[in-house]
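Undergrad: Using the hints, position chain B against chain A.
One-letter residues, chain by chain:
2 protein chains.
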Amino acid sequence: MNVLGLVVEYNPFHNGHLHHLNASKSLVNSDYVVAVMSGNFVQRGEPAIIDKFSRAEIALKMGIDIVFELPFVYTIQDASGFANGAIGVLERTGVVSDLVFGSESADIEGLSQISDILINQPKEYKKTLNRYLKEGLSFPNARKYALNDYFTQISEEKEIIEKLEKSNDILGLEYLNALKLYDSKIKPQTIKRIGVNYNEEQYTGEISSATAIRKIIEDENIEKVKDALPDVSFNILKREIALKKGPVFLEDMRDMILSKLRMMNRNELSKIDGVKEGLDRRFLDCSKVSSTVNQLLMCVKTKRFTLTRIRRTLLKIFFDLTESEVQLYNKYGPQYLRVLGFSKKGQTLLGQIKKVSKYPIITTPSRYKRIYHKLSDESLSSNKKFNSIPEIFLKQIEYDFIASNIYSLLYKDRKYSIYEPDKVTKVLIHED
Amino acid sequence: MNVLGLVVEYNPFHNGHLHHLNASKSLVNSDYVVAVMSGNFVQRGEPAIIDKFSRAEIALKMGIDIVFELPFVYTIQDASGFANGAIGVLERTGVVSDLVFGSESADIEGLSQISDILINQPKEYKKTLNRYLKEGLSFPNARKYALNDYFTQISEEKEIIEKLEKSNDILGLEYLNALKLYDSKIKPQTIKRIGVNYNEEQYTGEISSATAIRKIIEDENIEKVKDALPDVSFNILKREIALKKGPVFLEDMRDMILSKLRMMNRNELSKIDGVKEGLDRRFLDCSKVSSTVNQLLMCVKTKRFTLTRIRRTLLKIFFDLTESEVQLYNKYGPQYLRVLGFSKKGQTLLGQIKKVSKYPIITTPSRYKRIYHKLSDESLSSNKKFNSIPEIFLKQIEYDFIASNIYSLLYKDRKYSIYEPDKVTKVLIHED
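Line by line, the protein sequences are chains A and B. Position 13 (the first sequence) corresponds to 13 in this note's numbering; numbering is contiguous. Position 343 (the second sequence) corresponds to 775 in this note's numbering; numbering is contiguous.
The shape of chain A in the complex, shown without the other chains (with noise of 0.2 Å):
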């Protein structure tokens, strides 16, 4: 049985998502496709346009089986974290038997052989490495340079600075290097992207960016965009408008963000994930001198850091994550795969899932406390059905919730801000 699984976030969903599904879906020859998706927050940093469910009810209609919620706690964190959160619930549901991933180069071989080295640390590797740390170079670029090195002196391999340098290309190394953490059976492999680059700006039709459909939406307005989303995507999208759920941006998170920060010291600060080489200094004077989110940004940006790293951090001390925290996190993995929908056809999958995983299937998020309990009695028994760690587990869901909660004070019309939009959504069950 072929279980095709695919890492997304659907920001929204448009005709380059639908190409990569479609062309996953041959390559592996599929008899299910399970995605995990980003929640309410993606990894560039941001709110999503439009939220968790109706994203993952336009991933169910556009011919998704499962749809599994990335905990909340790996979607702000960087490619490293992210992909450790997300490769870690494919390979926890036990079933998933293919990973494919967009790349730049489409040279699985040589993302691997790259992996190979970063997991491995040949000695040779981790000097030039640490020499290139001590100059000075920040964390990215030092191992760029240590892994040029290598590959030069051991073989003819010229390409290796630039498969570190295209953001999909990154994170598909570090979905390697993930799968060889969980040592994982599952079987990468890659697609050379179409059209344009994840972070291209500019609305190019049929085939645009993500970011530049949002940057449509947040400019001049949906209907814009028609051409770049398949009808299904587009018309949930609109739904959302319409309703005056979305569009969802980053900046309408001002005050709740400058609030926050203004009031901050140094020492909270200090110990929140990615805080670091005088950030926190930056993040502290710029807040008080900055009248939107945009501005902190610009503030606070330096040579040194990408703004996407700048907005992940920003969100990260928003919500309080902790470096030490996130270390757990990376060290355990997600402790549930929670689901957000399913189609009939996924339900059959599903219950596989079920039998086999060893953690916990969450359909009904508020019974977390059951779980919890049920977990927490699980762990002083020897004949254990999960592998999770009740605390974590806990930590995990609540920030899940929390993210939710802080989501839905940004919906547009704020009767929808009553209710914590997690304990009451029901799972979305599509009738194929």
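The hints are simulated quantities; they were obtained by calculation from the structure and are not laboratory data. Don't be surprised by glycine CBs; every beta carbon is placed ideally from N, CA and C. Hints should not be assumed to be uniformly reliable.
What the hints assert, rightly or not - Computed spacing ranges between beta-carbons, pair by pair: (1) A/Leu328 / B/Asn699: 17 to 23 Å; (2) A/Gly278 / B/Ser570: 47 to 53 Å; (3) A/Pro140 / B/Ile850: 30 to 36 Å; (4) A/Gly94 / B/Asn699: 33 to 39 Å; (5) A/Asn387 / B/Lys763: 49 to 55 Å; (6) B/Ser599 / A/Thr292: 37 to 43 Å; (7) B/Glu810 / A/Asp285: 27 to 33 Å; (8) A/His19 / B/Glu683: 43 to 49 Å; (9) B/Ile821 / A/Tyr419: 45 to 51 Å; (10) B/Asn699 / A/Pro140: 33 to 39 Å.
Said to hold, decoys possible - Footprint (simulated), chain B over chain A, 3 or more residues, beta carbon under 8 Å: (11) 257 to 268; (12) 287 to 297.
Said to hold, decoys possible - Derived list of chain B stretches under chain A, where covered just means 3 residues or more per stretch with a C-beta under 8 Å from a C-beta of chain A: (13) 692 to 703; (14) 714 to 727.
TA: Just chain B, lined up with the frame of chain A:
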């Protein structure tokens, strides 16, 4: 030299305030009038309708010679803490000779008698108080009934309970208590309040309550309250609204308050001053099902607590004002005298205050670190100019900055949110 001291909020300055100011001046035949005024947040547990700088400007133009800012940490406390801070500032000028406050009873003898009991705590009173507390009464109620029992036993005094039910009598009583705690020589007197109750919501023309005036501004417009305000006050209020700085209301804090609460846990909440008797759980649960601040307040409210108490507690939660901190502030009183403005005449008095006060006079808050270091150095010497405790000084003044930096996010036009108001606004000098 008769120096009249007043405790004010002027939110906004209205005809009732003018009446009180003139009557107080006549009563004590004052040479100077100084006021201690709440800053950007007021004792009702709300942001002030216009900022402290413009309210100080009005006060000076209406004839106050020096306006001191009540440190933020006292403004959102209950009557006792508020009075502790306000009387502390007046007492620590070293020059105030008279205090005049408005009250419903206007019975300074009666209030003084009660105050004596509260300060001296005679055995008989204490026993009754403890009995009522054990029976489960709230502290204000237990105190009220214990006082009543005590006075009934010792004399024919009848109107005790009444004096513990009207808000200005209660506040006045706390002023008397504070004067005793500071062992002050300031002579207290009281004037009967005219026209309306402080909390009266009905607009009643020329003599209307500040509450009613703010409500009309919120629901209708500024022109409708012209009759209730002296021209100077009306014009400055109008100017601030035209500039899109004001009017500011508690509801404007919706995003910052709800997002903060939705991320807190019970342990954090339980440390906040005033969070007692199940309020922690109520605030947490209500924050998740409320879409506005008003909904939150209505949800948290019970018979046990007044709405004002709930609002104040909400702001204490928002600003992380813990019980242990508050105890420290109330034990040591205000650690500096921050001057928001003075008249030419007031300048002479300020020179006098600088000579006699044992607390630093702050006219340029941006230099606070220099003063802090001075206090720290001094604390080791035997010949001290100041009585301030450096660490408490620092915490109190930094809270003033935080309150202003949060308030600046509430200005209607965001261009006013890009600087720290306390660091850039010059002390006001009113040319008579």
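Undergrad: Range first: 30 to 36 Å. Now tell me if the beta carbons of A/Pro140 and B/Ile850 are that far apart.
TA: For A/Pro140 and B/Ile850 the Cβ distance comes to about 32 Å; the hint holds.
Undergrad: Does the beta carbon distance between A/Gly94 and B/Asn699 stay inside 33 to 39 Å, or does it fall outside?
TA: holds (37 Å)
Undergrad: Given the hint of 17 to 23 Å, check if A/Leu328 and B/Asn699 actually sit that far apart at their C-beta atoms.
TA: Since the Cβ atoms of A/Leu328 and B/Asn699 sit about 19 Å apart, the hinted range of 17 to 23 Å holds.
Undergrad: Mind checking the hinted window 33 to 39 Å against the Cβ distance between B/Asn699 and A/Pro140?
TA: holds (37 Å)
Undergrad: That 49 to 55 Å hint for A/Asn387 and B/Lys763 (C-beta), does it hold up?
TA: holds (53 Å)
Undergrad: Please check whether B/Ser599 and A/Thr292 have a Cβ separation lying inside 37 to 43 Å.
TA: holds (40 Å)
Undergrad: Using the C-beta atoms of B/Ile821 and A/Tyr419, is the stated range 45 to 51 Å upheld?
TA: holds (47 Å)
Undergrad: Can you confirm whether chain A covers the region 714 to 727 of chain B, using C-beta to C-beta distances below 8 Å and requiring at least three such residues?
TA: Our answer is that it holds, as 6 residues pass the Cβ test (under 8 Å) against chain A, meeting three.
Undergrad: Are at least 3 residues of the region 287 to 297 of chain A within less than 8 Å of chain B when you compare beta carbons?
TA: holds (count 6)
Undergrad: Does 43 to 49 Å hold as the CB distance between A/His19 and B/Glu683, or does it fail?
TA: This hint holds: roughly 47 Å between Cβ atoms.
Undergrad: Can you take a look at whether the region 692 to 703 of chain B is actually covered by chain A? Rule is 3+ residues, C-beta closer than 8 Å.
TA: holds (count 3)
Undergrad: Can you let me know if the beta-carbon spacing of A/Gly278 and B/Ser570 is within 47 to 53 Å?
TA: holds (50 Å)
Violated hints are absent here; each numbered hint is respected by the structure.
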